[in-house]
Amino acid sequence: MSEIDNNNTNNYATIKGEPVTALPKDLYIPPEALKVFLEAFEGPLDLLLYMIKKQNLDVLDIPIAEITKQYMEYVEIMKDVHLELAAEYMVMAVMLAEIKSRMLLPKPVADESEDDPRAELVRRLQEYERFKQAAEDLDKMPRINRDIFLAGAEMPDIEIKKPLPEVDIQDLCFALKDILQRAEMYEHHQIEREILSTRARMVQILVDLPADKFVNFEALFTLEEGRAGVIVTFTAVLELIRQTVIEMVQAEAFGQIHIKKIGE
Amino acid sequence: MAIEAYKVKRIFEGVLMAAAGKPLTVSYLAQLLGKENEFENKALKEILKELSEDYRGRGITLEEVASGYRFQVSVDLSPWVGKLWEEKPARYSRAMMETLALIAYRQPITRAEIEEVRGVAVSSNIVRTLIDHEWIKIAGHKDVPGRPALFVTTNKFLDYFNLKSIKELPTLKELADLDKAAVQLELSLNENAETNNQTESG
Amino acid sequence: MAIEAYKVKRIFEGVLMAAAGKPLTVSYLAQLLGKENEFENKALKEILKELSEDYRGRGITLEEVASGYRFQVSVDLSPWVGKLWEEKPARYSRAMMETLALIAYRQPITRAEIEEVRGVAVSSNIVRTLIDHEWIKIAGHKDVPGRPALFVTTNKFLDYFNLKSIKELPTLKELADLDKAAVQLELSLNENAETNNQTESG
Chain S
1 MSEIDNNNTN NYATIKGEPV TALPKDLYIP PEALKVFLEA FEGPLDLLLY MIKKQNLDVL
61 DIPIAEITKQ YMEYVEIMKD VHLELAAEYM VMAVMLAEIK SRMLLPKPVA DESEDDPRAE
121 LVRRLQEYER FKQAAEDLDK MPRINRDIFL AGAEMPDIEI KKPLPEVDIQ DLCFALKDIL
181 QRAEMYEHHQ IEREILSTRA RMVQILVDLP ADKFVNFEAL FTLEEGRAGV IVTFTAVLEL
241 IRQTVIEMVQ AEAFGQIHIK KIGE
Chain Z
1 MAIEAYKVKR IFEGVLMAAA GKPLTVSYLA QLLGKENEFE NKALKEILKE LSEDYRGRGI
61 TLEEVASGYR FQVSVDLSPW VGKLWEEKPA RYSRAMMETL ALIAYRQPIT RAEIEEVRGV
121 AVSSNIVRTL IDHEWIKIAG HKDVPGRPAL FVTTNKFLDY FNLKSIKELP TLKELADLDK
181 AAVQLELSLN ENAETNNQTE SG
Chain L
1 MAIEAYKVKR IFEGVLMAAA GKPLTVSYLA QLLGKENEFE NKALKEILKE LSEDYRGRGI
61 TLEEVASGYR FQVSVDLSPW VGKLWEEKPA RYSRAMMETL ALIAYRQPIT RAEIEEVRGV
121 AVSSNIVRTL IDHEWIKIAG HKDVPGRPAL FVTTNKFLDY FNLKSIKELP TLKELADLDK
181 AAVQLELSLN ENAETNNQTE SG
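Residue numbers (the working numbering), protein chains in the order written: chain S, 1 to 264; chain Z, 1 to 202; chain L, 1 to 202.
Derived by calculation from the structure, the hints in this document are not laboratory data. Bear in mind that the values here come from a model prediction, so they are computed numbers and not experimental data. Ideal placement from N, C-alpha and C gives every residue a C-beta, glycine not left out. Warning: the hint list may mix true and false statements.
[Stated by the list, open to error] In silico DSS-like cross-links for lysine-lysine, where the CA-CA straight-line distance does not exceed 25 Å: (1) 79/S <-> 53/S; (2) 173/Z <-> 54/S; (3) 22/L <-> 42/L; (4) 156/L <-> 83/L; (5) 83/Z <-> 7/L; (6) 49/Z <-> 35/Z; (7) 156/Z <-> 137/Z; (8) 140/S <-> 164/Z; (9) 22/L <-> 22/Z; (10) 140/S <-> 173/Z; (11) 22/Z <-> 53/S; (12) 167/L <-> 177/S; (13) 35/L <-> 88/Z; (14) 42/Z <-> 83/Z; (15) 49/Z <-> 140/S; (16) 42/Z <-> 22/Z; (17) 177/S <-> 54/S.
[To be verified] Covered by chain L, according to a simulated footprint, are these stretches of chain Z (three or more residues, beta-carbon under 8 Å): (18) 15-21; (19) 73-79.
Given the sequences, and given the hints that come with them, work out the whole structure.
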């Protein structure tokens with residue numbers, strides 16, 4: 001019946017209460033290679049296609065009952081060899097069972113237009129087969145560094161020019177106008193705001209500063225507060241430095257200024 | 001300085017060689033010549049054609065792919081050239097190739113649509129690898145709930161497979177005529193209903 | 001399979017091109033041909049010489065350098081090839097433009113003064129980039145605590161904008177408004193100084 005030793009105590013699965021001690025008929029594969037074999041399938045459609053091709057069946061006329069039985073055998077084996085079974089395999093099992101049951105129902109005489117319950121499965125199998133083939137063809141197409149090699153030559157020594165950014169002089173003008181207008185706008189807002197208190201800001205900075213970590217000086221400022229806000233923050237920072245509550249570090253000229261709380 | 005056409009050929013030859021296989025478009029090459037050297041695109045293409053003919057029968061060829069012109073080693077020399085590289089050319093998994101094939105033939109396509117055909121979930125790794133290789137990109141989002149990303153292939157993908165356009169991909173295998181299949185199914189349905197009843201009970 | 005000399009030339013051409021400028025020695029090339037294709041070194045050198053002559057007057061040349069043979073782009077094409085690697089001119093960020101504008105119109109100016117008007121800190125990157133482009137330079141140091149650098153624009157800046165002197169900077173109508181704004185700023189500066197003093201004591 002099978003080339004695999006039936007006396008082996010190793011049962012592959014239990015189907016309908018009967019232990020399956022043999023692999024499906026077409027599966028002439030040593031058990032140790034089984035996992036590798038089963039892992040080679042790209043999903044339930046791939047597995048179904050394999051079963052159909054293996055038995056020279058017509059995709060358009062699948063013996064559903066038989067295929068469902070075989071499919072379930074594979075799925076049981078997969079479970080048994082602890083192959084992580086994708087949910088898709090179970091979904092397909094349900095679909096097969098459903099088709100099977102629908103085919104068992106007597107066809108109502110009046111409803112001639114009803115499709116073969118297998119039609120959707122056939123469509124999906126065909127569609128998948130098409131792209132499985134397309135993928136194989138694509139894989140065989142000439143590609144770079146396997147079948148095609150690019151050609152080139154050494155460049156002569158050249159001086160690479162770094163072009164300056166393109167700036168329009170009017171842009172420069174508008175930029176200045178923008179800043180001043182913005183500054184002005186924030187000043188107007190300022191009036192409606194409560195007066196910023198340096199002392200309150202000192203407290204806020206201290207609360208916000210993480211312990212034992214440098215932060216960017218710039219991070220302390222908020223543009224939206226306008227010039228007055230910047231001044232208040234700046235004064236607060238100076239006061240905190242004077243009181244040696246925080247320290248300020250600048251590694252190089254024009255470098256980033258960092259602020260840190262002085263540890264206890 | 002205005003330059004003569006025969007010089008343009010030398011310049012293109014040198015520049016395409018310096019680009020070492022990175023494809024350059026005609027308009028890029030035209031721009032490289034500068035404003036003082038205006039040539040019609042047609043004239044430049046003529047020059048490139050001439051250059052290509054100069055290499056007939058030699059060890060390299062000038063080819064046009066999706067992103068432009070590039071020099072390639074003549075295909076029949078691949079066995080010799082392949083020895084230059086110690087590394088084995090990359091191999092890609094079936095899952096990756098099937099995903100890529102679906103995107104190539106069905107673009108623009110969503111991940112769910114790919115999964116629908118393949119019958120399994122598409123791993124994020126595969127999508128990320130394809131995007132990292134710049135073989136696919138997100139072209140937009142489908143106007144359905146969740147607004148899933150729509151994938152398309154890139155020119156880099158075409159370049160990699162030595163193609164000028166997606167139309168050059170081999171045609172998909174035709175499906176067995178579904179109409180015919182339907183008729184056949186209809187016919188067999190009645191018979192089968194009986195057969196199945198037998199099989200089932202058997 | 002033994003191959004003929006004329007084929008060896010094609011193979012060498014393809015292989016050297018695939019190496020894209022990496023020099024290959026004669027013995028390496030000989031080895032590439034395999035044991036079944038034994039050629040004397042002298043014969044191979046003859047083949048390479050012939051190949052080199054094929055490229056006389058073209059956009060590339062076959063050269064022998066210390067570590068072997070390689071194809072090079074002809075030296076006289078450097079100006080054209082150089083353009084391949086030219087970076088696209090960058091666009092200045094808004095922060096960069098504003099900083100430059102303030103330096104141009106308010107020079108000499110310190111960083112703190114720029115920050116005061118802009119309301120935000122000026123990143124070191126911006127200052128460094130402007131100095132790198134040679135558009136601004138440090139003209140001296142202000143005689144106040146900390147001795148901050150005073151920035152001015154350079155002649156290169158003037159050249160770029162085709163100006164003879166900084167006085168030629170456009171005085172568009174907007175500039176009138178700008179001045180008004182400036183006056184307002186001046187005024188509000190004093191007010192603010194007071195406000196701040198009050199806050200301080202409060």
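Exercise. Would the pair residue 140/S and residue 164/Z pass a check requiring their Cα atoms to be no farther apart than 25 Å?
Worked result: 17 Å, holds
For this session: State whether the coverage of the stretch 73-79 of chain Z by chain L holds or is violated, taking the criterion as 3 or more residues with Cβ-Cβ distances under 8 Å.
Result: holds (count 3)
Exercise. For the pair supplied as a hint, residue 79/S and residue 53/S, is the alpha-carbon distance within the 25 Å limit?
Worked result: 23 Å, holds
Exercise. Taking 25 Å as the top limit, are the C-alpha atoms of residue 42/Z and residue 22/Z close enough?
Worked result: 22 Å, holds
Exercise. Given the proposed pairing of residue 173/Z with residue 54/S, does the C-alpha separation stay at or below 25 Å?
Worked result: Holds, at about 20 Å.
Exercise. In terms of beta carbon proximity below 8 Å, does the stretch 15-21 of chain Z have 3 or more residues touching chain L?
Worked result: Coverage by chain L holds here, the residue count being 6 at a Cβ distance below 8 Å.
Exercise. Is the straight-line distance between the alpha-carbon of residue 49/Z and that of residue 140/S 25 Å or less?
Worked result: 29 Å, violated
Exercise. Are residue 42/Z and residue 83/Z close enough, with their CA atoms no more than 25 Å apart?
Worked result: 39 Å, violated
Problem set entry | 25 Å Cα cutoff - pair residue 140/S, residue 173/Z | 15 Å, holds
Exercise. Is it true that the CA of residue 35/L sits at most 25 Å from the CA of residue 88/Z?
Worked result: 22 Å, holds
Exercise. Do the alpha carbons of residue 83/Z and residue 7/L lie within 25 Å of each other, as the hint requires?
Worked result: 17 Å, holds
Problem set entry | 25 Å Cα cutoff - pair residue 49/Z, residue 35/Z | 23 Å, holds
Checked against the numbered hints above, the structure breaks hints 11, 14, 15 and 17 and satisfies the rest.
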